[in-house]
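> Sequences and hints are given; from them, build the entire structure.
Quick note: the sequence shown, position 24, residue 24 per the working numbering, numbers continuous.
Think of the hints as simulated: they come from the structure by calculation, not from any bench.
Note that this is a predicted model, so its numbers are computed, not measured.
Just to be clear, a hint being listed does not mean it is correct.
Said to hold, decoys possible - Computed Cβ-Cβ distance ranges for the label pairs, DEER-style:
hint	residue 1	residue 2	range
1	L211	E29	14 to 22 Å
2	L117	V21	33 to 41 Å
3	L117	T244	33 to 41 Å
4	E182	S152	21 to 29 Å
5	K220	P130	25 to 33 Å
6	M259	R38	33 to 41 Å
All C-beta atoms in this analysis are idealised placements derived from N, C-alpha and C, irrespective of residue type, glycine included.
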Amino acid sequence: MTAPDAGLGALMLGITLAVFVLSLRYRKEFMIHHPERRRTYDSVLLAFLLVASGIGLTVARELSGTEGENWRTLSFLLSLGGVSAFLAGWLDLLKDLAGIPRVEPLVEFDGTTVNDLSPGLYFCLSRNLPEIVRNLMVGRAALIVSREPIDSIRERFQAQQTPVLWLTKVNGKNTVHPHRLEFLTQTLVDFMRRDERDKLIILEGIEYLILELGFQKVFKFMTTIKDYAVVNNTIVVVPLDERTLDKKELTILGREFQMLGLKTKT
Numbered sequence: 001m002t003a004p005d006a007g008l009g010a011l012m013l014g015i016t017l018a019v020f021v022l023s024l025r026y027r028k029e030f031m032i033h034h035p036e037r038r039r040t041y042d043s044v045l046l047a048f049l050l051v052a053s054g055i056g057l058t059v060a061r062e063l064s065g066t067e068g069e070n071w072r073t074l075s076f077l078l079s080l081g082g083v084s085a086f087l088a089g090w091l092d093l094l095k096d097l098a099g100i101p102r103v104e105p106l107v108e109f110d111g112t113t114v115n116d117l118s119p120g121l122y123f124c125l126s127r128n129l130p131e132i133v134r135n136l137m138v139g140r141a142a143l144i145v146s147r148e149p150i151d152s153i154r155e156r157f158q159a160q161q162t163p164v165l166w167l168t169k170v171n172g173k174n175t176v177h178p179h180r181l182e183f184l185t186q187t188l189v190d191f192m193r194r195d196e197r198d199k200l201i202i203l204e205g206i207e208y209l210i211l212e213l214g215f216q217k218v219f220k221f222m223t224t225i226k227d228y229a230v231v232n233n234t235i236v237v238v239p240l241d242e243r244t245l246d247k248k249e250l251t252i253l254g255r256e257f258q259m260l261g262l263k264t265k266t
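Given below as structure tokens:
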């Protein structure tokens, strides 16, 4: 290996190690926001480590003048393992992306909307939710987000076609991890923007999100959803058990959002 070649090899080794160390440093933070991508992230980390090992072995062997087919074979296998690990992570990512639910607006209960609510985000008491939902789903394309499994939600609301997303840490079809708040936000906004029809979003599990993420972060999430709902002709209903929040939190929510009662008909 000539001096320029050795310099290039050392540069490649330095870059690969730097990327590995930087990725390792941010691994914990990444896992907080995207825990379902652990395998993908770790595969890419392993890829950088193996490639760096292969490059480092090659540079060391050439600089020291060490000869031998075994060293070349080992270096090749390390580099090949790194490429394989990277491809495994990439394919895993593509598989995850292919499984992201595309929520299409669908009016399951035809009819004329029978209330005069303005678009926006409203709270309601959890015990009043079924009756409120039955009124609001008429003539509206609805989406339900809940802590309950999808089959349970369909039975409770008698909604067999309305799209449902399950807030859970269990990976599966039409599930959303509670720490993926940015993803949930984008999914809800995409649903609102899909077409010009009146829409309804039932957003259950706010207490669960607060427990997982903290009140401040969830409050900001709800204000964002409210603003998008206002400009996209959407009513968002958030059932709430007031016993789960303290007085200060209830006061903050009361200043920003209205409480919805049972009188939703005109």
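> Provide an ascending list of the numbers of those earlier hints which the structure does not satisfy.
Violated hints: 2 and 3; rest satisfied.
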